[in-house]
Amino acid sequence: MPENTSHEEPDLIQLLTPEGELVEHPDYPIDLTPEEIRGLYRDLVLVRRIDTEAVALQRQGELGLWASLLGQEAAQVGSGRALRPGDMAFPSYRDHGVAWCRGVSHKSLLGLYRGVTNGGWDPAEHGFHLYTIVIGSQALHATGYAMGVQRDGAVGEDGEAVITYFGDGATSQGDTNEAFNFAAVNNAPVVFFCQNNQWAISEPLERQSRVPIYRRAAGFGFPGVRIDGNDVFASLAVTRKALQSAREGQGPTLIEAFTYRMGAHTTNDDPTRYRMSAELEEWRLKDPISRLWAYLANTGLADDAFFASIEAESEELAEQVRRDCRSLPDPRPLDIFTHTYAEPHSHLDRQRSEFADYLASFEGAGTEGGR
Amino acid sequence: MPENTSHEEPDLIQLLTPEGELVEHPDYPIDLTPEEIRGLYRDLVLVRRIDTEAVALQRQGELGLWASLLGQEAAQVGSGRALRPGDMAFPSYRDHGVAWCRGVSHKSLLGLYRGVTNGGWDPAEHGFHLYTIVIGSQALHATGYAMGVQRDGAVGEDGEAVITYFGDGATSQGDTNEAFNFAAVNNAPVVFFCQNNQWAISEPLERQSRVPIYRRAAGFGFPGVRIDGNDVFASLAVTRKALQSAREGQGPTLIEAFTYRMGAHTTNDDPTRYRMSAELEEWRLKDPISRLWAYLANTGLADDAFFASIEAESEELAEQVRRDCRSLPDPRPLDIFTHTYAEPHSHLDRQRSEFADYLASFEGAGTEGGR
Amino acid sequence: MSTKLTIGKAINAGLRRSMEADPKVLIMGEDVGKLGGVFRVTDGLYKDFGADRVIDTPLAESGIIGTAIGMALRGYRPVCEIQFDGFFFPAANQTFTQLAKMRARSGGTLKMPVVLRIPYGGGIGAVEHHSESPEAYFAHTPGLRVVTVANAVDAYWMIQQAITSDDPVIFFEPKRRYYEKADVDTEPPLASAYRMDGARVARPGADITLLAYGPMVKTAIQAAEADTEHDIEVVDLRSLSPVDYATLNASVRRTGRLVITHEAPLSSGLGAEIAARVTQDCFYHLEAPVIRVAGFDTPYPPSRLEEHYLPDLDRVLDGVDRSFAF
Amino acid sequence: MSTKLTIGKAINAGLRRSMEADPKVLIMGEDVGKLGGVFRVTDGLYKDFGADRVIDTPLAESGIIGTAIGMALRGYRPVCEIQFDGFFFPAANQTFTQLAKMRARSGGTLKMPVVLRIPYGGGIGAVEHHSESPEAYFAHTPGLRVVTVANAVDAYWMIQQAITSDDPVIFFEPKRRYYEKADVDTEPPLASAYRMDGARVARPGADITLLAYGPMVKTAIQAAEADTEHDIEVVDLRSLSPVDYATLNASVRRTGRLVITHEAPLSSGLGAEIAARVTQDCFYHLEAPVIRVAGFDTPYPPSRLEEHYLPDLDRVLDGVDRSFAF
Ligand SMILES: Cc1ncc(C[n+]2csc(CCOP(=O)(O)OP(=O)(O)O)c2C)c(N)n1
Ligand SMILES: Cc1ncc(C[n+]2csc(CCOP(=O)(O)OP(=O)(O)O)c2C)c(N)n1
Ligand SMILES: [Mg+2]
Ligand SMILES: [Mg+2]
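Protein chains in written order, with the working numbering: chain E, 458 to 828; chain W, 458 to 828; chain Z, 120 to 445; chain F, 120 to 445.
Derived by calculation from the structure, the hints in this document are not laboratory data. All C-beta atoms, glycine included, are put in the ideal place defined by N, C-alpha and C. Among the hints, a few may not be true.
What the hints assert, rightly or not - Listed next, the in silico DSS-like pairs over lysine-lysine satisfying Cα-Cα at most 30 Å (straight line):
| # | chain 1 | residue 1 | chain 2 | residue 2 |
| --- | --- | --- | --- | --- |
| 1 | F | Lys230 | W | Lys564 |
| 2 | F | Lys230 | F | Lys123 |
| 3 | Z | Lys230 | E | Lys564 |
| 4 | Z | Lys300 | Z | Lys337 |
| 5 | F | Lys153 | F | Lys123 |
| 6 | Z | Lys143 | Z | Lys123 |
Unchecked claim - Not close to chain W: a few residues of chain Z, all C-beta gaps over 12 Å, as computed:
| # | residue |
| --- | --- |
| 7 | Lys153 |
| 8 | Asp175 |
| 9 | Gly244 |
| 10 | Ala310 |
| 11 | Val320 |
| 12 | Gly414 |
| 13 | Asp416 |
Claimed, not checked - Here are the simulated distance ranges between beta carbons:
| # | chain 1 | residue 1 | chain 2 | residue 2 | range |
| --- | --- | --- | --- | --- | --- |
| 14 | W | Glu800 | F | Tyr298 | 29 to 37 Å |
| 15 | E | Ser766 | Z | Ala140 | 51 to 59 Å |
| 16 | E | Glu800 | Z | Phe445 | 35 to 43 Å |
| 17 | E | Asp615 | F | Tyr298 | 51 to 59 Å |
| 18 | F | Lys166 | W | Gly613 | 43 to 51 Å |
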């Protein structure tokens with residue numbers, strides 16, 4: 458019955474093998490400069506490093522939580538680098554690699570997971586919407602945004618495109634399916650990028666779908682394609698093409714990036730309760746960074762000095778991440794009231810002033826809240 | 458872009474043409490006795506008659522509303538007659554033809570649309586759940602029920618199957634898609650029967666789906682099939698096969714019955730605001746009853762006496778419907794409180810007794826509620 | 120220039136004026152296009168503004184609100200119609216977790232100028248799910264503004280104010296009053312109108328305050344007129360979140376008594392919050408506890424029972440009597 | 120035989136006992152199987168009862184409740200876990216329009232023995248949507264019963280009572296108290312337990328009644344212990360719908376004062392209903408208006424602010440002081 462477990466699907470698009478060999482594909486020529494390829498390598502290494510540091514910071518009590526992207530760097534960096542500056546992305550909560558590509562600082566991400574904010578950056582500035590935690594909700598936001606793009610007349614060869622990220626689990630939500638349908642019916646310029654990392658917390662893919670996820674798209678009347686999600690070339694090339702097709706008025710595409718969540722679901726999770734380490738071992742051989750390393754090294758597109766410089770940059774970044782995290786200022790109590798509404802709201806104004814008085818009543822009492 | 462407007466899709470299953478000619482189909486042999494075929498004719502005529510009377514009763518102020526099945530008789534009667542006694546159906550609000558097949562009296566349906574009840578029959582007694590008005594909700598109930606059938610070990614050659622009815626508009630709802638997925642993942646014994654009557658109130662099909670609806674199923678991993686919804690043979694044969702497949706543990710099927718809503722959406726609606734009468738004329742040629750009449754007459758399977766007897770029965774039934782409707786007793790005020798909970802609830806008990814006192818205070822005052 | 124308009128037509132006129140004033144204003148919903156909505160509130164807008172600005176959506180309420188949020192993020196001001204009160208619930212997630220919270224989440228960077236128009240309330244002899252009053256769910260949700268109208272004048276102005284608000288506004292339309300008429304002067308600039316979050320003394324009185332909103336305002340006024348023993352002041356709340364306690368408390372301090380009426384079920388209805396708050400604010404002025412006359416704690420009954428479920432003139436006056444009995 | 124159990128383990132023990140007692144009892148939800156739920160409340164049940172009775176569902180809350188309704192119609196008694204308070208909303212339609220109304224719709228023919236377990240409330244340093252208190256939405260919905268627990272004993276008994284109820288029960292679990300322990304005697308038959316809809320005087324006192332439920336009961340008791348000036352009676356509500364006004368009114372009539380505390384936003388929170396009702400029932404006994412100490416009318420803030428958002432001992436005692444200041 459379930460046919461969704463094989464990585465070896467005939468229609469999986471792979472341009473770079475786990476061994477670092479290029480694969481020719483008629484529809485997706487690799488037209489990247491060596492510079493760009495080294496850039497991708499740098500992206501992959503640095504986002505993994507941010508991630509590693511964040512996990513460690515959580516362990517040290519500096520973050521409330523962290524959702525690790527370990528293993529999904531290629532899917533995120535490839536698709537993130539396929540975006541143009543004017544495009545808009547609607548992420549989920551694990552898309553730190555896309556955030557990186559969109560120029561969102563690690564500091565903002567840390568702020569969210571430290572609990573100093575529920576947002577942390579200006580979506581318009583980065584073409585990167587806020588993280589969305591309620592599974593599936595952002596797929597509709599992206600679709601609506603794309604319908605706005607259409608209404609702005611911004612569809613065309615140099616038009617704008619929209620992308621939204623979600624997981625395999627998210628494909629079960631009504632909202633995600635409604636988004637597929639709204640996008641199809643309206644021919645909206647949106648790319649649905651599903652990172653199928655094989656797990657939704659403890660639930661394996663077969664609890665979410667009876668057939669490969671990319672096939673869902675055809676049922677709604679638009680193309681679906683499965684890529685090797687650990688192959689940064691495939692992710693970049695296929696996403697770029699899908700975005701271009703959206704941009705030019707061909708409507709939506711669903712990309713299923715077949716990848717693997719190498720870490721726990723979040724720092725709260727204990728995956729040993731539900732999955733086999735053998736599975737992990739198997740996927741370790743498909744690591745997205747090693748294969749690009751192999752390719753760069755084998756082809757001579759990068760030398761030891763290059764790798765050393767990335768390593769050094771990574772160390773520096775790690776240092777910076779730790780410093781930045783610890784230096785994040787706590788919000789102030791009265792900030793609770795500040796941004797619920799754009800315009801004044803009498804209930805809140807009253808609560809705010811009562812609370813201010815209450816806080817003031819402790820002043821000079823020696824302790825904060827001091828019975 | 459939209460490919461969903463053609464009735465002449467290659468994969469539409471039709472066993473009886475509008476002209477009343479049989480069509481051979483390798484997968485769906487027609488193995489009905491003349492008796493059964495005449496029975497289907499009788500069903501079609503009588504459910505249409507109930508419907509006609511109900512529309513008239515609404516015009517006379519006897520019903521608050523009526524949702525006419527006009528044009529959809531074959532879809533409903535065919536599928537309804539495919540059910541076995543132990544099967545369970547989850548209808549929407551227009552499925553009076555299925556109700557008929559399940560032995561639910563017209564009186565119960567009239568009670569609902571008159572406003573004396575929101576339910577009106579015992580679902581277990583008839584294998585026919587209550588009408589569901591919130592679009593799409595019943596698809597999940599059917600799926601859950603089917604999962605219950607699995608847990609009861611009632612799957613197998615003589616097992617039980619579940620069917621749920623909904624419209625083309627309903628396929629846009631998150632709930633319907635979640636039901637498709639739950640059914641697929643659990644391989645639940647449920648048949649999704651979509652009456653695509655081309656309209657969701659004023660919205661034509663292309664506002665709901667970019668591609669033919671039956672294709673949605675493949676995206677979730679189960680078969681979808683389109684039938685001529687005005688062909689009672691096709692409806693019966695294809696539904697019977699899908700039910701059997703569910704029964705035997707093969708999981709769900711989606712049947713798209715391609716039909717047409719000949720009347721207004723409900724008695725509240727004015728379709729002249731949004732659709733062309735030419736469309737209506739075209740569909741009139743495909744009438745589900747005339748074609749069965751032609752078949753019976755041409756083949757000699759029924760004679761004038763038969764048709765006359767059905768006509769007489771129909772007149773009698775009409776009379777009965779009018780009488781039954783007018784004789785429906787109004788509920789009593791305190792019934793409001795009776796069935797909210799199965800067990801006592803102190804708030805309600807208090808409100809009920811206060812209201813009883815309040816009502817009693819008018820007694821003898823000459824008028825009911827008498828200022 | 121003053122025109123006689125029904126509430127439905129007044130909303131239609133307000134929508135039209137908003138769409139003329141701002142090309143970013145869009146209409147979305149089921150059957151809002153050619154049909155003009157099942158209550159014809161968007162009548163003519165599709166014809167005059169086209170399918171890009173008056174969008175017949177797929178039948179999916181979550182999809183409507185979810186895509187409206189996306190449109191708002193793109194700079195549009197969508198006005199979404201939920202066809203009936205009882206069909207809001209599929210959109211609860213997008214409304215409560217996304218629409219209401221987006222601004223706070225963004226620390227004030229984003230705004231959410233989205234209006235949800237919801238015809239609500241009973242009294243039209245409808246089938247299940249077409250007669251409900253879900254306003255308390257919204258009033259309990261921080262980040263939303265909630266208003267309702269009781270007459271055509273307010274309908275005309277308040278829909279426009281809702282649309283110009285940068286906050287999400289839930290706009291409840293009293294469906295059984297859609298055909299009530301009033302003279303509406305459609306000329307003055309929007310800026311000159313009162314604010315939609317101010318309550319209104321609909322009928323001055325000295326003995327007791329009767330608070331109503333939406334469809335119950337008419338009933339409240341009729342009750343006040345019918346009561347020859349007490350001089351009843353009727354306050355029309357207009358805004359359900361925030362509530363204009365300045366106006367309300369001033370009335371209660373004068374009269375010393377308050378009766379609240381709404382169609383929604385009593386328990387945890389909006390009347391509860393107002394009763395609790397007014398009691399706290401006016402404790403020494405109240406000569407009786409706040410009395411609530413509301414729908415019962417049951418699902419809305421089949422329509423042949425709705426006259427008993429809905430608070431009517433007699434039940435409202437019974438509430439007044441109960442207040443004076445203290 | 121008495122065992123020391125945490126609230127989480129007590130619920131687990133209650134679930135297990137229910138499943139042993141009745142083969143129709145099923146567990147459904149996200150990650151309830153092998154993982155045992157993100158809070159491990161269903162730990163071990165999958166192993167012992169198998170995948171047919173402990174169902175890891177697709178990630179779709181509407182699907183969970185919708186299929187649970189279907190299972191209930193087939194004679195099962197599903198216990199659904201909603202992973203966190205903030206993720207209930209996709210299931211709002213199935214819960215409010217179907218689950219709550221099915222019995223009334225059927226005129227008493229159908230029953231809906233479905234339990235929704237919802238870990239709720241803040242204080243665990245979580246990200247957005249993991250700290251909310253949505254109980255008022257449910258308490259305002261006729262057809263649902265709503266309960267919550269404050270200690271392991273109630274957790275053990277009340278989950279079983281919720282499961283044996285033929286009405287849908289929303290079972291709120293105070294997530295920040297999951298690890299609080301108490302001695303639980305798991306031997307007596309279920310029939311011998313008190314009813315889950317009765318409130319409990321958690322700490323007797325003479326001067327003022329302090330009403331709390333779920334996670335706030337512990338805070339209320341701590342506040343009462345800390346207050347050396349006033350003899351505070353703490354009432355643990357347990358059932359939020361219906362509310363046990365007999366117990367509550369008796370307490371208020373004795374003390375003459377009432378403070379209500381909950382984590383949920385103040386406006387139209389459950390405290391409003393209770394304040395309004397108690398004021399009506401005990402008007403001549405109240406020496407001060409009912410005071411509410413609650414969350415603010417804002418979305419739950421980022422976790423670094425939650426200590427200020429959540430009513431704590433000091434804010435509760437400030438409420439007590441405000442009552443006495445009248
Ligand atoms: C509506 C909703 N329900 C439940 C959750 C709790 N939850 C958080 S992540 C998660 C699993 C998500 O799986 P998937 O979509 O595959 O994304 P992944 O975490 O694997 O990236 C769940 C159930 C949620 N965030 N939102
Ligand atoms: C959730 C929900 N939204 C809106 C409605 C109002 N409504 C009633 S019927 C209908 C159209 C349904 O179209 P379709 O599913 O094609 O069924 P048909 O009426 O054509 O049989 C709508 C929008 C509803 N009943 N439920
Ligand atoms: Mg996943
Ligand atoms: Mg239809």
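Evaluated hints:
| no. | hint | result |
| --- | --- | --- |
| 1 | Lys230(F) - Lys564(W) | holds, 23 Å |
| 2 | Lys230(F) - Lys123(F) | violated, 35 Å |
| 3 | Lys230(Z) - Lys564(E) | holds, 23 Å |
| 4 | Lys300(Z) - Lys337(Z) | holds, 12 Å |
| 5 | Lys153(F) - Lys123(F) | holds, 25 Å |
| 6 | Lys143(Z) - Lys123(Z) | holds, 29 Å |
| 7 | Lys153 | violated, 4 Å |
| 8 | Asp175 | violated, 5 Å |
| 9 | Gly244 | violated, 4 Å |
| 10 | Ala310 | holds, 36 Å |
| 11 | Val320 | holds, 24 Å |
| 12 | Gly414 | violated, 10 Å |
| 13 | Asp416 | violated, 5 Å |
| 14 | Glu800(W) - Tyr298(F): 29 to 37 Å | holds, 32 Å |
| 15 | Ser766(E) - Ala140(Z): 51 to 59 Å | holds, 57 Å |
| 16 | Glu800(E) - Phe445(Z): 35 to 43 Å | holds, 39 Å |
| 17 | Asp615(E) - Tyr298(F): 51 to 59 Å | holds, 57 Å |
| 18 | Lys166(F) - Gly613(W): 43 to 51 Å | violated, 28 Å |
When each numbered hint is compared with the structure, violations occur for hints 2, 7, 8, 9, 12, 13, 18.
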